[in-house]
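Engineer: These are the residues of each chain, in order.
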Amino acid sequence: MADVTRTPTDLTQASATRGGIGESTLRPDGTLKVTGEFAYSSDLWHEDMLWGCTLRSPHAHAEIRSVDVSEALKTPGVHAVLTHDDLPAETHFGLEIRDQPVLAKDRVRYHGEAVAIVAADHPETARRAAAKIRVDYAELPPVHDEESALGDGATLLHPGRADHHAGHVPHPNIVHRQPVRRGDVAAAKARADVVVAGDYEVGMQDQAFLGPESGLAVPAEDGGMDLYIATQWLHVDRDQLAPVLGLPPEKVRLTLSGVGGAFGAREDLSMQAHACLLAQVTDRPVKIVYNRYESFFGHVHRHPAKLHYEHGATRDGQLLYMTCRIVLDGGAYASSSPAVVGNAASLSAGPYAVDNVDIEALALYTNNPPCGAMRGFGAVQACFAYEAQMDKLAAALEMDPVELRQRNAMTQGTLLPTGQRVDSPAPVAEILRRVKSRPLPPEKQWETSAPDPSAPDRSTGGARGVDVRALPGGLSNTTHGEGVVRGVGYAVGIKNVGFSEGFDDYSTARVRLEVVGGEPVAMVHTAMAEVGQGGVTVHAQIARTELGVSGVTIHPADTQVGSAGSTSASRQTYMTGGAIKAACEAVREKVLERGRAEFGSYHPAWAHAELLLEGGKVVTDGGEVVADLAEVLGSSAIEEEVEFRHRPTEAFDLTTGQGFGHVQYSFAAHRAVVEVDTELGLVKVVELACAQDVGKALNPLSAVGQIQGGTTQGLGLAVMEEILVDPAAKVRNPSFTDYLIPTILDTPTIPVDVLELADEHAPYGLRGIGEAPTLSSTPAVVAAVRNATGLDLNRVPVRPEHLTGT
Amino acid sequence: MEFLRPADWQEALAAKAEHPAAVPIAGGTDVMVELNFDHRRPGHLLDLNRVAELHEWEVGEEYVRLGASVPYARIIERLRAELPGLALAAHTVGSPQIRNRGSVGGNLGAASPAGDSHPPLLAAGAEVEAESVRGTRRIPVEDFYTGVKRNALADDELIKWVHVRKATGPQQFAKIGTRNAMVIALCGFAVALHPEDRTVQAAVGSAAPTPFRAYAAEEFVTAALADAGLWDSGAPLPESLLRRFGELCSGACNPIDDVRGSARYRRHAVGVMARRTLGWVWDAHRGAHSDDEGGAQCA
Amino acid sequence: MRVTFTVNGRRHEADDVWEGESLLYVLRERMGLPGSKNACEQGECGSCTVRLDGLPVCACLVAAGQVEGRDVVTVEGLADYAARREERAGNAEFAGSNANDPASGAGSGASAADEQRWTPKGAGPGSGTRLAPVQQAFIDAGAVQCGFCTPGLLVAADELIERNARPSDADIREALSGNLCRCTGYEKILDAVRLAAARADSGPAGSAEPEEAR
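Residue numbers (numbering that gives the first Met the number 0), protein chains in the order written: chain U, 0 to 805; chain E, 0 to 298; chain R, 0 to 213.
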């Protein structure tokens, strides 16, 4: 057995293809992933390592009267048992507000909150020992909805709170509240010919990444800590860990290990502090891996939401005003709820031009499971509601639902409800046109002309001419066509890209160019967390384009280079891509300086302003070769590290919600075609087509893959995914048996239309991709189901009970 | 924990007699989940994979003698003609990986009301052959389920065979789930026509503490078919007959609300599936019948 | 207890195995084969799919003791397994020598003589690692994002194509219905399997050019 920690090796693309931006270059980690050699955080191993395990609260709200770890400590093979009292320094963590205890002190506030941790020789030993810890709980009534959170005599989740939102919220159980007000809603309402209103609900979705929370903490000889971790933002993890360990940040070194998906669930700390604390106390490497059950308790979920909306329009379909109130349930701790509130509020009007708005979005503290970042981040919930509204309005006006949307569609120059002008292309009408103009898939695809003689009898029991696999229910054989009605629905959404509201959003890249084996090779070092989205591929493509080299090495991501910011908010290609581009430009400048200094007298072209790096050479813009890059570099490397920022944004005014809050917007539209078994309430999505503007597709293959993946997560929210929480604030379905994500038998064909309308403010004109497809997919599916059934359907996920009146 | 690996059936019986609390494991698709999540820590695991007979089956004159560990995948591939209802149900179990390991014997051992094999066994007619060192007995499947996840086996008994009546007429099975693979039945329904004695058998899963036969519905439809002379006329079933059958099946349910679905929905869905599947088996019967007589093929 | 079984063509002994461990745990934690993944441990995700005597099963649902004397193929052994399958298909003499071997079983086992012909894994990316056609197809079609589901999918997809050289889309969906993916929406996975099947149809493994992305 190897005694070396398995970490991702340098990823080298040794391809002979050009491989610059705009090509569908293959992933550099692809080979490792298909051979099973790619080291995910759960695959890490270290000689001498101990296994850590967490004891979690079975109650959603309780006082901890006492904790007795004596039996656990006596268990052979156990090396440490820690509770809150053992914490050496800072005891709390949190992304925006440090309100969450590393280990619960005298109170637990949600089902599954961590109370104690154990380190032992074998995971089974650790589990056994944890089960022997005796905690005396006194259960308390849970705060579980708006009434119990804000009503008279409501229990305060965080009575002593002193964070930067505490001063402006109307009630201490409101994490943050953001209004947006513009124009004169009352006057507009008086002019409206038609008014539609609705109450909508979005259930709690889970990111359900496949790779479990896991990591390996290794105590270092200098008294510091080395953590190998699957996460979305190395530096923010470090910044929360260092104070907890009582160490200066430079002594806490994080390296990204392989990540099995994220989708927002890895933005908050899960097992990082626990593993590091156990490693610190035992002076041994400690690995913690959650199983799927623990995973459901170990990360934040998407905020469930209740939304009330009202729209008013003229007889010919022009939107005059909209109002809404969005209540997000943030659960026990703040996580990124404030930012989710800001997003929901500022994007709640959708990709439409509306002059008069009165918007309110807020997040509650409750004893429900903590909620935070999930792909779509507040805009998903709003999109479900405003797109339902648009269909309602279209019906009231007897207008085609796509036409109504196009009539009011945002364009470049439209003013958002926050007063920000959309300053790059916003092809909302066009993406709707694209999905609408696709030919519809053929009807009744389950009817076959004759049974296929080569296939086993799919049609069952003698019913000829029916392939059940094309019907709702599929091989579960619930219908042979009876009760099946087709429906078609449309939706479009707007998502912001990047961190907003004045956040200092930046990324760092270090690029090194040197000669290796006679060839110029670039090495790119960033802290970007590759979570599957394909950032590592694009990084190499950028380096190739900017430096004209084919060999590019991607250094493992770690804290030895400046922060890359979070892999979230659809921002990484823009930000870390932008940083790499900028670093490459700086390297190029140095190359040309060196060339001029050494060879300037040999060739007049060195005096030219415009020299480029292409194909391993220095060339003029006319294509004349001036020198070999390898020659210019000689034996000393050139290395540049650059911090890259986007245009600054501003906080939203706390009363009016006005402000230049977001740096970029992205737009996607969907058309859903469904078949619904109207008697049983079962839905089959036949096709879910998408059109999205990506500004510039740096890697078309990856872009489409991201859009299809996001679309499928939206489908899941529409028809099957929900964390069910009972009135005692306990999670009822923490397993893949009952938290259902789409299988390949549930997904439709997902044709994608990619538009490239450059945003001139962004590197290469690109637009962030990852989240927009999670917005419009859900309401498109629900619209299609409404079309098939004639039912209102104001809640997602839609369940068979809703479709059958049971 | 001890891992017992009997080399043959007699050793298996002896081991179970010696350790009545030993948990038998064959495909592992239920037992391993419990072990992996610490829900069970038996003192002994009794691995039955080495017992060859349990993987065999024999097609007899009236019955198929199915080894308790025959994987669902084999039933789908090889017993579709003899046991069509069971084959349909097997095809809805889990996933290909699960179907390569899971078995009817395992389903019976676990006796979950949501088990997919139970309704078709009840609709076709079956007996569970259980054996111990004390001897063999055959338990009619109707008597096998004694409560939620409880069965009629004594502590020292193991299931050897399941004797399932061969289909003499069309059979159907339908299962409701909110996903098209790897889903536990919200409810399940099986129906079998028995033309040789002109009866209908129907059974429901996941809508009561145990899987059950809908006797009142069966009696109704058996009588209705006779009264209207439908066996002889081969005419389609009247809507009213189908509806009543559905109502009676629905009425026989005793479902609960749980994370998967509501009791109301379960009742409703059983009614719909009862109606549909009865229609399908009857149409198939008519179609086959008129084929025999050289008549037109029905849809 | 001790468990002795064949993994990827090599006979292995695992000692001090706890009786309640699964095959998945043994592979990952005792055999140094972490390629098979643990995303649920309940048979609900397929990320632990391996071939047990040729059949795709969830390794998390096989008790360690049940694997005694049996033959397991994991993603780490997939390339060699596919190459040997090619050789058997193309080389009548080799196929002949194997046919008489009692250890062949279902045709996927490896005899002691065969074991000597297995080659060790390549040293890493870009070092000329040989890949099974289905592995190459997954890379070429963009079917790998985070990759956590990939090993299980590869084992299942490889078995499908072995069994059914021209799978329809419905066949592919059914064969992969036990494998969850959260990143891709399955579309490019379908592309990859179609690509692998098409390549297997048209010629020996690896001879087809990677397709241009659409």
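Simulated from the structure, these hints should not be mistaken for lab results.
Just so we're clear, the structure is a prediction, and the values are computed from it rather than from any experiment.
Just so it is clear, CB atoms sit at the ideal spot from N, CA and C, and this is done for glycine as well.
You may find that some hints are simply not true.
[To be verified] No more than 30 Å apart at the CA atoms, straight line, and that leaves these computed lysine-lysine pairs for DSS-like:
{"id": "1", "chain 1": "U", "residue 1": "K695", "chain 2": "U", "residue 2": "K729"}
{"id": "2", "chain 1": "U", "residue 1": "K131", "chain 2": "E", "residue 2": "K148"}
{"id": "3", "chain 1": "U", "residue 1": "K188", "chain 2": "U", "residue 2": "K305"}
{"id": "4", "chain 1": "U", "residue 1": "K729", "chain 2": "E", "residue 2": "K165"}
[Claimed, not checked] Here are a few chain R residues that sit away from chain E, every Cβ distance over 10 Å (derived from the structure):
{"id": "5", "residue": "E43"}
{"id": "6", "residue": "A82"}
{"id": "7", "residue": "R84"}
{"id": "8", "residue": "R193"}
Engineer: Are the hints correct? Go through all of them and say.
Structural biologist: Hint check results:
{"no.": "1", "hint": "U:K695 - U:K729", "verdict": "45 Å, violated"}
{"no.": "2", "hint": "U:K131 - E:K148", "verdict": "29 Å, holds"}
{"no.": "3", "hint": "U:K188 - U:K305", "verdict": "23 Å, holds"}
{"no.": "4", "hint": "U:K729 - E:K165", "verdict": "47 Å, violated"}
{"no.": "5", "hint": "E43", "verdict": "6 Å, violated"}
{"no.": "6", "hint": "A82", "verdict": "24 Å, holds"}
{"no.": "7", "hint": "R84", "verdict": "19 Å, holds"}
{"no.": "8", "hint": "R193", "verdict": "18 Å, holds"}
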